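Student: Using our numbering, you'd call the opening residue of the sequence shown number 1 and step up by one each time.
Derived from the structure by calculation, the hints contain no laboratory data. Take the hints with a grain of salt, since some may be wrong.
Said to hold, decoys possible - Now the in silico label distances, taken between C-beta atoms and shown as ranges: (1) N238 / S167: 19 to 27 Å; (2) L183 / G143: 28 to 36 Å; (3) F94 / R13: 41 to 49 Å; (4) R182 / E312: 43 to 51 Å; (5) S167 / G201: 28 to 36 Å; (6) R55 / N297: 28 to 36 Å; (7) S14 / G129: 16 to 24 Å; (8) R55 / R151: 26 to 34 Å; (9) A193 / S167: 20 to 28 Å; (10) L171 / E207: 20 to 28 Å.
Stated by the list, open to error - In the DSSO-like style, the derived pairs of lysine-lysine whose C-alpha atoms are separated by at most 27 Å in a straight line are: (11) K91 / K31; (12) K57 / K176; (13) K177 / K91.
Model, not experiment: these values are computed from the prediction. From the three backbone atoms N, C-alpha and C, an ideal C-beta is built for every residue, glycine too.
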Amino acid sequence: MTTAGMGTTLGGRSMRLPFGPETLQALATLKPWRCAAQILTQWLVCVLAIAVAERLKQWPVTVAAMLVIATRQHAMLVLMHDAAHCLLARKRWFNDTVGNLLLAFPLTLSVARYRAHHFRHHRYLNGEGDPDLADSVIPATRGRFLALLLRDASGLTTIATLRSANSFGMLGLFSKKAPGSRLDRGLAVAFIAAVAALVAGFGVWREFILYWLLPILLFMPAILRVRGIAEHGGRLGNPVATAARSLRVGWIERFLWAPCHINRHWEHHSCPAVPSYNLPQLSRLLAAGDAQCAAANPTQGYFIGPRSLIHELYPAARPEPAHATAPEKGMHGPHGK
Numbered sequence: 001m002t003t004a005g006m007g008t009t010l011g012g013r014s015m016r017l018p019f020g021p022e023t024l025q026a027l028a029t030l031k032p033w034r035c036a037a038q039i040l041t042q043w044l045v046c047v048l049a050i051a052v053a054e055r056l057k058q059w060p061v062t063v064a065a066m067l068v069i070a071t072r073q074h075a076m077l078v079l080m081h082d083a084a085h086c087l088l089a090r091k092r093w094f095n096d097t098v099g100n101l102l103l104a105f106p107l108t109l110s111v112a113r114y115r116a117h118h119f120r121h122h123r124y125l126n127g128e129g130d131p132d133l134a135d136s137v138i139p140a141t142r143g144r145f146l147a148l149l150l151r152d153a154s155g156l157t158t159i160a161t162l163r164s165a166n167s168f169g170m171l172g173l174f175s176k177k178a179p180g181s182r183l184d185r186g187l188a189v190a191f192i193a194a195v196a197a198l199v200a201g202f203g204v205w206r207e208f209i210l211y212w213l214l215p216i217l218l219f220m221p222a223i224l225r226v227r228g229i230a231e232h233g234g235r236l237g238n239p240v241a242t243a244a245r246s247l248r249v250g251w252i253e254r255f256l257w258a259p260c261h262i263n264r265h266w267e268h269h270s271c272p273a274v275p276s277y278n279l280p281q282l283s284r285l286l287a288a289g290d291a292q293c294a295a296a297n298p299t300q301g302y303f304i305g306p307r308s309l310i311h312e313l314y315p316a317a318r319p320e321p322a323h324a325t326a327p328e329k330g331m332h333g334p335h336g337k
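Let the sequences and hints guide you as you build the complete structure.
Tutor: Written as structure tokens, this is what we have:
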């Protein structure tokens, strides 16, 4: 980074930011209406997808609705990540209440438990103490990677995904040493009771399973695998300037894999106090300050193009020139050179 600016740490290693504390303070300023709009959008898209599927009652439409809902559930996870950093509201109790009731609890998770897990990821980034290290290990070949995504989509890896998420599940709030407040536990009990009463009272068990649980079980594992590998896969030994990945995405990929600017992951690690809606602006400032950093050299999408994630992880083998396979006499024989 440029020598001008202020210092920060990334995974315990120091780096310089190309701007001063006033700029960082402006970037870190929370806008409650932006948070509310982000959360409301995800829920409205889910409601619309269910309404269309129930109106048409055709299996292709139902499956498409489930996929759409899974992408919005992923967006809720991203916003829960903002809540873990207290980026929904500065008052911790209010931030966690909103994050739990509207984002984490609907996905059987807890903001406080995820926060404890995620802060270890920041503290030990790409190191031995990083709890997400295994998520960044890439399969040996492109074929194995794609086959793994197919296994995820078939539900064969769902149990493993749920087991890994159990470290921040909401039921863990009731264990003796779990992080979380008495308010968190009380809200969790009230939330579970309210959902059970509503589902039973309106007799919508089928809809609840079809449109909420199955998207989590069938589509979420593949989405999370792509996201996890995109964030740090292939970069575990990199210096701080490229220890995580920044991706430039189009609107389709943004909808499928990268809601709420989660594709700007290196930028988030550089300045965790900046909310998701300000990450594009942060990215431009960081890129202007260091032409070698991840923000200045983003990966171009996930699966399509010569500079996409999959081509970066699995570069196509280049055929050797003809002369390399049939060396001329005298060049590399007993009398060569």
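Student: Now look at each hint and say whether the structure bears it out.
Tutor: Now for the hints, and whether the structure bears them out:
no.: 1; hint: N238 / S167: 19 to 27 Å; result: holds, 26 Å
no.: 2; hint: L183 / G143: 28 to 36 Å; result: violated, 49 Å
no.: 3; hint: F94 / R13: 41 to 49 Å; result: violated, 33 Å
no.: 4; hint: R182 / E312: 43 to 51 Å; result: holds, 47 Å
no.: 5; hint: S167 / G201: 28 to 36 Å; result: holds, 33 Å
no.: 6; hint: R55 / N297: 28 to 36 Å; result: violated, 46 Å
no.: 7; hint: S14 / G129: 16 to 24 Å; result: holds, 18 Å
no.: 8; hint: R55 / R151: 26 to 34 Å; result: holds, 33 Å
no.: 9; hint: A193 / S167: 20 to 28 Å; result: holds, 25 Å
no.: 10; hint: L171 / E207: 20 to 28 Å; result: holds, 23 Å
no.: 11; hint: K91 / K31; result: holds, 14 Å
no.: 12; hint: K57 / K176; result: violated, 46 Å
no.: 13; hint: K177 / K91; result: holds, 23 Å
Hint compliance for this structure: hints 2, 3, 6 and 12 are broken, all remaining hints hold.
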